[in-house]
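K.L.:
Here is how the chains run, residue by residue.
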Amino acid sequence: MKKISMTLLLMLSAVALAACNSDNANGDSNGDGGDFTPTKPIEMVAPAGAGGGWDTTAREVAKVFGETGILEENMAVINKEGGGGAIAWAYIHGKNDSPYNLFVSSPPLMFVPLNGQSQYGHEDFTPLANVIADYGAFAVREDAEWDDLNDLFDDMKEDPESVTVIGVSAPGSMDHIQFIRIAKAAGVDVTKIKYVSEQEGGTLTALLNGSVDVYSTGVGETVEQVRAGNIKVLGITAEERLEGEVLSDFPTAMEQGIDETFVNWRGFFGPPNMDQAAVDYYEAKFKELSDSEEFDEVRKKYGWNEMYMDSEEYKTFLDEEKKEIETLLDELGLGN
Amino acid sequence: MEAFQGLLSGFQVALSWEGIMFVLIGVVVGTLIGMMPGLGPISAIAIMIPITYGMDPAPALVMMAGVYYGAVFGGSTSSILLNAPGVAGTVATSFDGYPMAQKGQAGKALAIAAVASFIGGTVSVVLLMLLAPALSSVAISFGPPAYFALMLMGLTAISSLSDGSTLKALISAVAGFMVVTIGIDPQTGTQRFTFGSVNLLDGFDFLIIALGLFAVAEVCMLVLNRRNNSLSDSQKLGSLKLSKSDLKEMSGPVSRQSFVGFILGVLPGAGATISSFISYIFEKKIAKKPEEFGKGSIKGIAAPESSNNAATSGAFVPLLSLGIPGSGTTAVMLGAFLVLGVQPGPMLMVERPEIFWGIIASMYLGNVFLLILNLPLIPYLAKILAIPRPMLISLVIMFSLVGVYSISFNVFDLYMLLIFGAIGFFMRIFSFPAPPFILAFILGGMMEQAFRQSMTISNGNLSIFVTSPLPLTLIIISLLSFLVPVLLGLRKKKVEV
Chain A
1 MKKISMTLLL MLSAVALAAC NSDNANGDSN GDGGDFTPTK PIEMVAPAGA
51 GGGWDTTARE VAKVFGETGI LEENMAVINK EGGGGAIAWA YIHGKNDSPY
101 NLFVSSPPLM FVPLNGQSQY GHEDFTPLAN VIADYGAFAV REDAEWDDLN
151 DLFDDMKEDP ESVTVIGVSA PGSMDHIQFI RIAKAAGVDV TKIKYVSEQE
201 GGTLTALLNG SVDVYSTGVG ETVEQVRAGN IKVLGITAEE RLEGEVLSDF
251 PTAMEQGIDE TFVNWRGFFG PPNMDQAAVD YYEAKFKELS DSEEFDEVRK
301 KYGWNEMYMD SEEYKTFLDE EKKEIETLLD ELGLGN
Chain B
1 MEAFQGLLSG FQVALSWEGI MFVLIGVVVG TLIGMMPGLG PISAIAIMIP
51 ITYGMDPAPA LVMMAGVYYG AVFGGSTSSI LLNAPGVAGT VATSFDGYPM
101 AQKGQAGKAL AIAAVASFIG GTVSVVLLML LAPALSSVAI SFGPPAYFAL
151 MLMGLTAISS LSDGSTLKAL ISAVAGFMVV TIGIDPQTGT QRFTFGSVNL
201 LDGFDFLIIA LGLFAVAEVC MLVLNRRNNS LSDSQKLGSL KLSKSDLKEM
251 SGPVSRQSFV GFILGVLPGA GATISSFISY IFEKKIAKKP EEFGKGSIKG
301 IAAPESSNNA ATSGAFVPLL SLGIPGSGTT AVMLGAFLVL GVQPGPMLMV
351 ERPEIFWGII ASMYLGNVFL LILNLPLIPY LAKILAIPRP MLISLVIMFS
401 LVGVYSISFN VFDLYMLLIF GAIGFFMRIF SFPAPPFILA FILGGMMEQA
451 FRQSMTISNG NLSIFVTSPL PLTLIIISLL SFLVPVLLGL RKKKVEV
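In order, the protein sequences belong to chains A and B. Residue numbers are given in UniProt numbering: position 165 of the first sequence equals residue 165, and the series is strictly consecutive. Residue numbers are given in UniProt numbering: position 29 of the second sequence equals residue 29, and the series is strictly consecutive.
Hints were generated in silico from the structure; no laboratory data involved. Remember, it's a predicted structure, so these values are computed and weren't measured experimentally. Mixed in with the good hints, there may be bad ones.
Lysine to aspartate or glutamate pairs mimicking EDC-like chemistry, simulated, CA-CA at most 20 Å apart [unchecked claim]:
| no. | chain 1 | residue 1 | chain 2 | residue 2 |
| --- | --- | --- | --- | --- |
| 1 | A | Lys-194 | B | Asp-185 |
| 2 | A | Lys-301 | B | Asp-56 |
| 3 | A | Lys-300 | B | Glu-351 |
| 4 | A | Lys-301 | B | Glu-351 |
| 5 | A | Lys-63 | B | Asp-56 |
All chains should be modelled from the sequences, with the hints used to inform the complete structure.
P.N.:
Here is the structure:
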């Protein structure tokens, strides 16, 4: 018994000492413009399971950081799956001000809290940097009657219920809202649009066999089927045409006279109240990563686009984006 | 002819020393991971993805495919020996595998599973090779109404999954339906029965239910029935050899269910789990002695095992030829392709034939390896049962906990496992069968989604289920499989009177 209490005491004092140490370290860097350099491995959380977009981004970024030596310490990717991200976000939120716990995110960081499924949204975290952009695409079968977005939206203006849209996410989330946003700008009565959600894989099947008419998805998901001549892309949500084989053939909604865009941004965040020195450090490192040749290869491999924003810009962008989505959700009666 | 040439180039990949080595690594790793209760093909593939970084795509994907069907092959072991299915596709195997092992014939049960898996796997690779291009069009002809009808067909099996009261089986199924509604409803984004807990947003993972209702409940029963000493009986491995009559008995189910499994594997969303259940029920319905099922029948092991392995190769049809992942496992597999810079889809066969055909050719090899590896291992595996009971019970509990924790590293899931263990325990005491619960849980979610998607598409018009031939046919088959036994039963009674 005595032995145990001694051990406990030792452990406690060790913890206390360690705490003092880290306090000191923080105290140093908290001062005006002190430097931050990580002294232990950095944890990068992918708020989803292995194999998805967040996971791929986190792993490729960690890999490039490691290979190029941009980052002094190792970056370990951890998957925290559940609740569309909510579980990971609650976990990171508990790591208040730690400079060693980062996570990757994208628009669901807005959609999930707006749909009432997460207590925490982007404003509860410290945005570090945005790195890549992806865009939405609206695809129909190759033999469909519509040849561009205006054809489709003209029909939908007459009878919005004659067309069924499919996507992976639930109503009020990404695949749904990106379509709604463009359709609204084109003048369609968005409250009447029929949208069904289907798990990954099933969506394309349903489009190809004629169960549904329009597939709202990411640009990358359509390329292979377009090349095979199974589907055609009526429009994408980017501001300008993308580069690359097949991709450059996709017309934007903008060039078809519909003045609206949607960016599937992907970037990195830290826990709330992260030290400014640490923010500066990561901001610079992500910039270096984004400019590196190695990461350019990664972007090409997955068809991602470069879209760097530093912490400040990122925050402003996210705040504006969220306001817009909120208005849209309210109009649809999906707001909370 | 083109396919033949393609296949030849595929064999060049598979039979190079590099190919042989990676197939071997893949199937060994897959079987080992699959054997652990709670770890299935999804975990096996996810664990292996980082290892393939920087590898040449063809051998890497041959290895990943090996991990996948290796894990399905090995998955039956824990179902048979411990009643702890680690993979949804082997739940049906435990219905007869575990009773047979309890009768002291563990070795025979494992041998049947291995042989049936081998045949199922091989038959379906042949079918995959011959039919992949043609079948992809069948796979996509299933729209939401057809899926609803298919799930309905699966559900008509509930009554045949119980030995006792049909009423109790139905109650058990209703409970399964209720549990599957927990979580975010994909069609509206609304939370159902989550009581504000983030942990319930995604509902329950299948493993929590399967390990709770089967493994944990079984352990409780073992502790309770100490006098029966059922485990010490089963320490005997029993003869490994399958007699001629055994082989004859399994030949029918295996040859039929390899085809059934393949076809259901091709359909996105159906896969190994549903096919193993349907095959089990299929064989029970046409068996001369259906009463043997559930008590250690050879057919009851052979049917689901040939079927789930056939479905695994079948699942490669939509993945390779359409780029459509039909299940959670193939979705992770798709991720593995993308990591290596290979985009599966209609163009894969044209642009990267060495990968397309290499994977198919390697499956022949992989299945042979699996059989050769598994048969001699059986005596060692079955020794698990010789472990003293207190230790075995602790091991089963430990593996169940680890398996559930590894789904999402969430402690909440562990409590849920114990709760479902308690539910399973009381279901046994009051003789409510667990299989209908699990069947309803598996089919229910997809069935509800398919129904509501159909309703959205048709603006709420129910006629969508009968106006096109595919769903109509499936609904007629479900009605028949429900009504025929009832009518036959009535006639029998009359004759007896």
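K.L.:
Work down the list of hints and note, for each, if the structure agrees.
P.N.:
Results of checking the hints against the structure:
Annotation: proposed proximity of A/Lys-194 to B/Asp-185 holds, straight-line Cα distance about 16 Å (limit 20 Å). In summary, the hint linking A/Lys-301 to B/Asp-56 is supported, as the alpha carbons are separated by about 15 Å, within the 20 Å threshold. About 19 Å separates the Cα atoms of A/Lys-300 and B/Glu-351, which keeps this hinted pair within 20 Å; it holds. Between A/Lys-301 and B/Glu-351 the alpha-carbon distance is near 17 Å, which keeps this suggested pair within the 20 Å criterion.
Of the supplied pair hints, the one linking A/Lys-63 and B/Asp-56 holds, its CA atoms being roughly 17 Å apart against a limit of 20 Å.
Violated hints: none; the structure is consistent with every hint.
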